[in-house]
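Engineer: In case you want the letters, here they are:
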Amino acid sequence: MTPFTTLTGIAAPMPLVNIDTDMIIPKQFLKTIKRSGLGRNLFDEMRFTPDGAEIAEFVLNQPAYRKAGILVAGDNFGCGSSREHAPWALLDFGIRAVISTSFADIFYNNCFKNGILPIVLPADQVEVLMEDARKGANARMTVDLGAQTVTASDGRSFSFEVDPFRKHCLMNGLDDIGLSLEKVASIDAYEKRTSALRPWV
Amino acid sequence: MSPKTLYDKIWDAHVVHQADDGTCLLYIDRHLVHEVTSPQAFEGLRMAGRTVRAPEKTIAVPDHNVPTTAGRDTHIDNEESRIQVEALDRNARDFGINYYPVSDIRQGIVHIVGPEQGWTLPGMTVVCGDSHTATHGAFGALAHGIGTSEVEHVLATQTLIQQKSKNMKVEITGKLRPGVTAKDITLSVIGATGTAGGTGHVIEYCGQAIRDLSMEGRMTVCNMAIEGGARAGLIAPDEKTFAYVMGRPHAPKGAQWEAALAWWKTLYSDEGAQFDKVVTLRGEDIAPVVTWGTSPEDVLPITGVVPDPESFTGGKVEAARRSLDYMGLVPGQKLSEIRIDTVFIGSCTNGRIEDLRAAAAILKGKKIKDGLRAMVVPGSGLVRAQAEEEGLAQIFIDAGFEWRLAGCSMCLAMNPDQLSPGERCAATSNRNFEGRQGRGGRTHLLSPAMAAAAAVTGRLTDVREMM
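Heads up: the sequence lines are chains U and A, in that order.
The numbering of the first sequence is our numbering, which starts it at 1 and goes up by one.
The numbering of the second sequence is our numbering, which starts it at 1 and goes up by one.
With the rest of the complex left out, here is chain A (with noise of 0.2 Å):
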């Protein structure tokens, strides 16, 4: 037999019926659903009078628009976000799935909840409507977002219509250097293929570099895959992965842990994989990085300087004066003198436990800079509930921080956690787009660590000068 990679691996155990002209239809094991992508699809179900095929491995969780101020549970104000919210809230009920309203302290960002119950394993097919679905990749789980006509498709038949991307290998050699963390790797990778460089490709993310991550770090680097423009990012399962899976409510248990242990261990790329296209990275060559532009490919070290847009090629050209235009910003300008308004740490890049364990180091008992709003956002109430225990709370709060509920929050601002016009902000999540965080809004990509010390400076800060 010739030797396969991990995603071809995955790719064969889920083919239900493949065409002659190699149209696959694969077999989804998990589905998640959130309240912004999935009301046409439930509508499309009710008028075609069908039903969801298996209620049993679909998740839903409302996150995108929830408001993270107390009280939500009982009153939305936003009547287009309360609407979509009831929306889901009677799907859920109509059809049977399974559903951590705002309610339950499980609630969270769709990408943080799956992981954390244990409803991402291995070896799965794992789709939702939201582009980050790439997160669950870390398990080695083939993760991947979807339109809602296609939501709609899963939830009608457990499967979807797939043509097979190709395999791209990401390696990231070496170690870190300190004060370099997982967000950097994923940010670095996006600046060196730029945000196509993974069109049409399922990435496999190796290396000693990734090895070393733990699972929130993996889930950080997987999470971005999409934007390089991957179907969706890879790692191969490992000890790490299965002592994080061990004991999660929805993780198998006794007898059927074991098989499932059996399985997963085979799941890695065959020595002599071919590999469509490979990137290497040294882990020692990774710095801090911030994104200067509009695009999550315009990142740079932090002890870099803002381009000149004369020197790209192409229709880069006039994206980056465009993208520096909108930003107000000018050649030359040293990244470390951009100065901030805001800090927003979360997400589902990072709002995991670690995230605010490396962002709190930085800023126990320090103060954030006068007139700076500084926001965090935990990425689901279980993460809400351990950084409380943990005293990272109270570190955030005496640093001045507002301490909110779990949700997508400030990443997209559908609910009211958004940017002004020109009101820049250090963000710890993945898309700097104009407008995403607020129409006008000015968003610079960078780790919670770097997030931390912009929040103590004020400007961008290189965090090893506060290590």
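Chain U with its partners taken away, still in its complex shape (with noise of 0.2 Å):
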């Protein structure tokens, strides 16, 4: 995994609410059997038509957000499926870090484990940095996870929360699979304490 320290970037903003798994990566697409390749079809029905053209109003369409790098997005990002393909057409993309509100609980999880910053702001700090994304190309944001802050264009800055184990492992491209396998003594441990316990499991 790539880490993630700072980021400077233009960011596009889709201040559409509910935006979900099936928008950013429709299901046609998920019948890869490889991570990579998903960014040509990010969001893929709102950008293209059915024969292929691209959509011109679609912010990822602009000019200015053709190499967007941040999103500022409406509440609820990634509801519905667990589909890892979001995180991975995003990132396959070019986008690191998406702003907003709040994020669906699994959507949030996979962002951390693909290097991928998903932050949550109140919603007047989210409406500033929209107006500031809506700016386009001359407009560029900045996120620095050590700091855990937000800089917009004018130089307004929010602080955003993030857990910290989540953060250790994102700033040092930490394979999560890796530290859990440090602690296998525990996991012998536990197997063997419950298999007295719920033989049945």
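I should point out that these hints are in silico values taken from the structure, not numbers from a laboratory.
Heads up, some of the hints might be wrong.
[To be verified] Residues from chain A that face chain U, not an exhaustive set, calculated with beta carbons under 10 Å: (1) Arg30; (2) Gln40; (3) Ser103; (4) Asp104; (5) His153; (6) Ile226; (7) Thr294.
[Stated by the list, open to error] Listed below are the simulated DSBU-like cross-link pairs for lysine-lysine, each with C-alpha atoms no more than 30 Å apart in a straight line: (8) U:Lys183 x A:Lys166; (9) A:Lys57 x U:Lys34; (10) A:Lys4 x A:Lys240; (11) A:Lys164 x U:Lys183; (12) A:Lys175 x A:Lys277.
Think of the CB as a built atom: it goes at the ideal place given N, C-alpha and C, for glycine as much as any other residue.
Join the two chains into one complex using the hints; note that each chain is given alone, in its own frame.
Structural biologist: Written out as structure tokens, the structure reads:
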């Protein structure tokens, strides 16, 4: 996993609430057995007509936002399915941070496993950043995970919360499985204890 | 000792290790696997030279993109689907996990197969790379969806790194009125709390109306906990739960059954246990409902009208406007006058035997509206066989329904069962998102009985008029 420390980039505004995983990556693209290459189908049905032509009004098709690295989105981003194809598609497109007032639980987890930082901020601050994002490519936003701040192009800065363990893993690009396997003695002990207590499991 | 919730009790029984910051390594008792969210996880294991820690606790079944028509056990036309199913065949064999291939009568939707085979038991932790894993909460099991990275983590370690969620209680008091079902309860709760109402919480459903539900009905309620944003939904096990579980192939037997039962009977929220959030609905107030928009929170009684987007606040105004445009509806239109093209009965929400009985009871001796496409997709091969034995299949066929093989089918339309642009469907599934059942397809969520009523009249219909 690529470590995440700081990111300065173009932020794309997506003020729609309840952007779900079927919008982020429609199911016809879940048939892959790989993790890569999904960026071209990110937001497919909002981004392209059925015959594959770009829909000019869609934010990521506008010249200013084609290289966006950050999304500023409406409430409850990522609701719906558990498909990790959603963060894979965002990452493959080049999005490394998403800012919203709230995220769906599974999507939020999945982001951290893939080097994407989901940032929760109060509605008034998200609105400020949404306005900043609307300025286009000249308005670069900066996310500093170490300092836990998002800074708008005009210098206004907001602090966000992040779980310390997740922050540590993200900043160092750590593999969860490797970390958990270091606790294999605890897992062995748990299995031994519970096989006596609940043998039917 | 301070009083605990049901969630607290199951959580505490599964903590392997707790770090100073509260992050826990949680033991996983059952890991369910399907073909769409697992190939990258198995590939990750192979690349790292790792193996499956507890293959005996891992159960795989292809369901998401299998066709529901005959011949699928020998050939799947769609190449990408075939590759995913073949990958699952190979991974199940290579890693020695429990497997129900398409040729097995026990194959079906993973969340129907788990309980049916007795893999899902009270007090367990159950995970699957699918958000509707919440279904298993009906047994008093802590069950939730995970992403593919976490699938790989569970395969390798039989644990998950977890932060504890908050406790939320959803109480449905009193009795349901005739024609009102578990699906109406679960949709009404989401309508009341919104799709983010449960975010960060595990919901325990309780109250008389929940206790009165069958196990099938309870599974329907818990199934959609995720649509309310909750990590999981739970219902305390009781005599109905134990009766359902007893004698299932993988349920404990003999002395182990007695020991299990003794523990299961301790699985309830203690008197005075603290909940961070409480929502109460009166069972008598719940009506048969349908969705009008493209979010499961867009719920109204069938007697209602399509709402005006201006009646909402904040970002929902724009979202509702977009929904109505997508759905081809206008504010003020009566919900019961919305004409439909298609009816889909099935899915992990409503693909169990009781659902088919409820729909067949409405359809008996009737025909579906001319020109309508109607399809029943049983949740498993065993549900299908039972429905045939009970004569339900014949009722559906005589009414004009297609009688399909088991799978997820048109709930998410990864297989050939899809809507065309503009096609309007009354569906017993769980999501009415844009494009969910096929690009441009329009979905109205409802109960199996309501779906059957809609099939007869060709429009969304109050099932109470046909009872």
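Engineer: Are the hints correct? Go through all of them and say.
Structural biologist: Hints, one by one, checked against the model:
1. Arg30: Hint holds; A:Arg30 Cβ to chain U Cβ min 8 Å, cut 10 Å.
2. Gln40: With a closest approach of 5 Å, the A:Gln40 hint holds.
3. Ser103: violated, 21 Å
4. Asp104: Check failed: Cβ of A:Asp104 comes no nearer than 22 Å to chain U, outside 10 Å.
5. His153: holds, 5 Å
6. Ile226: This interface hint holds because 8 Å falls under the 10 Å limit.
7. Thr294: Nearest chain U Cβ about 8 Å off; hint holds.
8. U:Lys183 x A:Lys166: With a Cα-Cα distance of about 26 Å, the restraint between U:Lys183 and A:Lys166 holds, given a limit of 30 Å.
9. A:Lys57 x U:Lys34: holds, 25 Å
10. A:Lys4 x A:Lys240: Answer holds: A:Lys4 to A:Lys240 is near 23 Å, not above 30 Å.
11. A:Lys164 x U:Lys183: Holds, because 19 Å separates the two Cα atoms, which is no more than 30 Å.
12. A:Lys175 x A:Lys277: holds, 23 Å
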